[in-house]
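Starting from the known structure of chain X, arrange chain L on it as the hints suggest.
Here the protein sequences come in this chain order: X and L. The working numbering runs 115 ahead of the 1-based position in the first sequence. The working numbering runs 598 ahead of the 1-based position in the second sequence.
Hints are not guaranteed to be accurate.
[To be verified] Quick look at which bits of chain X chain L covers, simulated, 3 or more residues with Cβ under 8 Å: (1) 135-147; (2) 179-192; (3) 235-245.
Hints were generated in silico from the structure; no laboratory data involved. All residues carry an ideal CB built from backbone N, CA and C; glycine is no exception.
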Amino acid sequence: MKAMGKRKRRYWIQGTLVFLAGILFMMPVFLIVMNAFKSNREIMLSFLSFPKTLYLHNFQEAMRLMNFWVSFRNTAVIAVGTVFLSVIVSYMAAYGISHLRGKFSDGFYLFFVLGQLVSIHTVMVYISVMATKFHMNNTFWGLILIHGGFNSAFGVMTYTGFLKSVPRELEEAAAIDGCNAFQIMTRIVLPLVKPTTMTVSVLYFLWSWNEFLLPSIMIGDSGLRPLTVNLNMFKNTSGTEWNYLIAGLTLTLIPIFIIYILAQKYITSGMMSGAVKS
Amino acid sequence: MSSAFYKKNTRFYLALLIPAFCLYCLALIGPLFFGTVPSSFYDWNIIKAKRNFTGFENFAELIHDKQFLTSLFFTLKLGVVTVTLNNIIAFAISYFLNENVFAKGFTRSMFFMPNTIGGIMVAFIWCFLFTNVLPKIFSAAGLESMASISWFGSGSMAFITIVAAAVWTGSGFLMVLYLAGLQNISADILEAGEIDGCTGFKKVILLQLPLLMPTITINLFVSIAGAFKSFDIPYAMTGGGPAGVTNTIALNIYKDAFSTYNMGYACAKSVVLFFIVMAITCIQLRFTRKKEVQL
Numbered sequence: 116m117k118a119m120g121k122r123k124r125r126y127w128i129q130g131t132l133v134f135l136a137g138i139l140f141m142m143p144v145f146l147i148v149m150n151a152f153k154s155n156r157e158i159m160l161s162f163l164s165f166p167k168t169l170y171l172h173n174f175q176e177a178m179r180l181m182n183f184w185v186s187f188r189n190t191a192v193i194a195v196g197t198v199f200l201s202v203i204v205s206y207m208a209a210y211g212i213s214h215l216r217g218k219f220s221d222g223f224y225l226f227f228v229l230g231q232l233v234s235i236h237t238v239m240v241y242i243s244v245m246a247t248k249f250h251m252n253n254t255f256w257g258l259i260l261i262h263g264g265f266n267s268a269f270g271v272m273t274y275t276g277f278l279k280s281v282p283r284e285l286e287e288a289a290a291i292d293g294c295n296a297f298q299i300m301t302r303i304v305l306p307l308v309k310p311t312t313m314t315v316s317v318l319y320f321l322w323s324w325n326e327f328l329l330p331s332i333m334i335g336d337s338g339l340r341p342l343t344v345n346l347n348m349f350k351n352t353s354g355t356e357w358n359y360l361i362a363g364l365t366l367t368l369i370p371i372f373i374i375y376i377l378a379q380k381y382i383t384s385g386m387m388s389g390a391v392k393s
Numbered sequence: 599m600s601s602a603f604y605k606k607n608t609r610f611y612l613a614l615l616i617p618a619f620c621l622y623c624l625a626l627i628g629p630l631f632f633g634t635v636p637s638s639f640y641d642w643n644i645i646k647a648k649r650n651f652t653g654f655e656n657f658a659e660l661i662h663d664k665q666f667l668t669s670l671f672f673t674l675k676l677g678v679v680t681v682t683l684n685n686i687i688a689f690a691i692s693y694f695l696n697e698n699v700f701a702k703g704f705t706r707s708m709f710f711m712p713n714t715i716g717g718i719m720v721a722f723i724w725c726f727l728f729t730n731v732l733p734k735i736f737s738a739a740g741l742e743s744m745a746s747i748s749w750f751g752s753g754s755m756a757f758i759t760i761v762a763a764a765v766w767t768g769s770g771f772l773m774v775l776y777l778a779g780l781q782n783i784s785a786d787i788l789e790a791g792e793i794d795g796c797t798g799f800k801k802v803i804l805l806q807l808p809l810l811m812p813t814i815t816i817n818l819f820v821s822i823a824g825a826f827k828s829f830d831i832p833y834a835m836t837g838g839g840p841a842g843v844t845n846t847i848a849l850n851i852y853k854d855a856f857s858t859y860n861m862g863y864a865c866a867k868s869v870v871l872f873f874i875v876m877a878i879t880c881i882q883l884r885f886t887r888k889k890e891v892q893l
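In isolation and in its complexed conformation, chain L is listed as follows:
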């Protein structure tokens, strides 16, 4: 009976997909495959009202575009640093929260809270800290040279501010995932290890980390993809400045499209970004899958 019932209603079930499918086409499929990709082959500027087919010229130009290469390099740098710090901090916190300690739930909530605050607000909070709070802390500690640092004046200092904000909001999320992973490790294995003399730091390196490999895979995937999509924090904190050295790729695209209106060129960059994110995801998944411990 059941099979007949489902068969009879196949049309109904298919119809249920239509709204989601339409929205999907409107927001993702259409703009990507019918907008961004074709436009990347055009020399297209909205203000100058020109749209000429130029083939791969945009992409050829990209390779020599200093601004774009700077932003690409900056995104990579930001990605590597934030992904590393995020994962180390998240793992350390989750390790202690997994031990027998008091007020677990409350402490966990404190670490996770920043993750629910949007990028614009996070950037704002850290701007306040770097301009009003940190200088005072340093001068109170007698470190006058540190107190007079202009955090948004030089590229390397601005980089630090962005990393601080990104790590602050990003690590809580990874912490929750690590914590879930740690709790999934069977107590028997750890106990057996402890009897064999595998305790303390050794226990972390030899037992917990290898057994956490699936979680590490997920966390790296989540945080690398996130790093390449970073826009809000650099936009609101430094605006890409000073002199464009803290532009991420997304910010660079945004500026091309909405301040110089080079739509075709911005689309070519978007295509590159799309492929980078996809490639990193694929490589990373393959790389970490192999290392997983099978139990």
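Next up, chain X with everything else stripped away, as it sits in the complex:
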């Protein structure tokens, strides 16, 4: 009986402590979103109080100053393009690797996995040179192609792992029924690996939404800049007008929040599998 009481007490005490720590962890995000609805004077007065009125002027002004809709569209185009290209390319390669036999298969797998050792920072200098040479600067396709290259290491690894669990008998049965290799890949196996496709797409989307370095190198045209680059410039030009800055920041974060709430399961599992296999 006594032990039960002790256990119960621990359940609540430890739980409360770790829950409060979690709230503290989320505090920065709360503060940003909350203060985005206040005028600069109100922020200066008290950053902790709830906004007295729903002050939307910040958002209007931030949208105007940041050229928000244009850069939102740019980011969305880049992100969606990256997801499509990277998913298709990684699935194809992983499917090929898992169906080739012997040394070939292992060799190619290793080739793609080792690519994760090359970080973008070690090649960014030459990518900028190359981008100028191949007229990839100020184009979305150039950025999407490079993103695709960097993403495929992760995608190939994740898909290959999952494809191992797809029973071969299924594919063989389909072959007997007259499906050719391409049909088996797209009509039989692709629907089966849907969870992986979800995981990989969500992560690709988040990564390219958050990406800053590559677009800042490759895209100079103000009409083509994505949100992250615009946000950074906005910060450098209007240093102290925090009410506009955090309103712009909040707008940029909203899609991330939405995706996190909807697809949290895929995000954590995907990142974990990526880390564990490398």
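Below, chain L without anything else, positioned relative to chain X:
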């Protein structure tokens, strides 16, 4: 039948690799082996339009380059501090989340959330906190000397801001991995230990940590590699300032390449960074593999 089917389609399977292979060459292999590595042997400046072969001169210059050595040292310092803090915090959180507590899933989500926010946005959030929120908290607490700290004015303070931001976004990810590791430890072992009097702190040190060694290996690998790639947060928070003391290697390379346009020199630094990351990864994997408990 099956073997014949796969054999017949070998060409098709090989062809499937072509797009990924091409993108890979475009983004990684080409720029690294045909761009960065050869260019590191040239004195190459885009603005001055010169490109002369100088052999190992760039690398010889690196050893005496104060800016580069500062950034190398700063990256190491940042790496050691963030990796340590990240892992300690992540382990502590996961330890409590692994115990019997309420609202587990929700609490876990709160800790993981910052990990999905990109570096630029994270830096931005913390800039706001350090310039607008913290001074007010300190002055409300009567700590006027703390309230008047200029967080971005001195190197050591700027270091703290970067560490805070990096730990905030980094630890949630490691927490999830630790949590998975803890849940994999069989309850029988822990129960047997408890019967033998191994409880509380002792249980953590003698049972859970040694059994977590594989997870610790992964986490160290992930976080050290991440520390050497840190760019977004220092770039957007301090811009390497004041006076270049918070430049990471990546930031130092970026500045060489895109503000002074010394491409050859920046490539030489990139090669050094590439080897550092590879070496650390190899050493670290070997070191922790040995300590893993075999069950």
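These are the hints, each one checked on the structure:
1. Closer than 8 Å: that is the beta-carbon criterion, and the stretch 135-147 of chain X has 9 residues meeting it against chain L, so the requirement of 3 holds.
2. Look at the stretch 179-192 of chain X against chain L: 0 of its residues bring a Cβ nearer than 8 Å to a Cβ of that chain, fewer than three, so the hint is violated.
3. With a cut-off of 8 Å between beta carbons, the stretch 235-245 of chain X has 11 residues touching chain L; three or more are needed, and the interface restraint holds.
When held up to the earlier numbered hints, the structure conflicts with hint 2 and nothing else.
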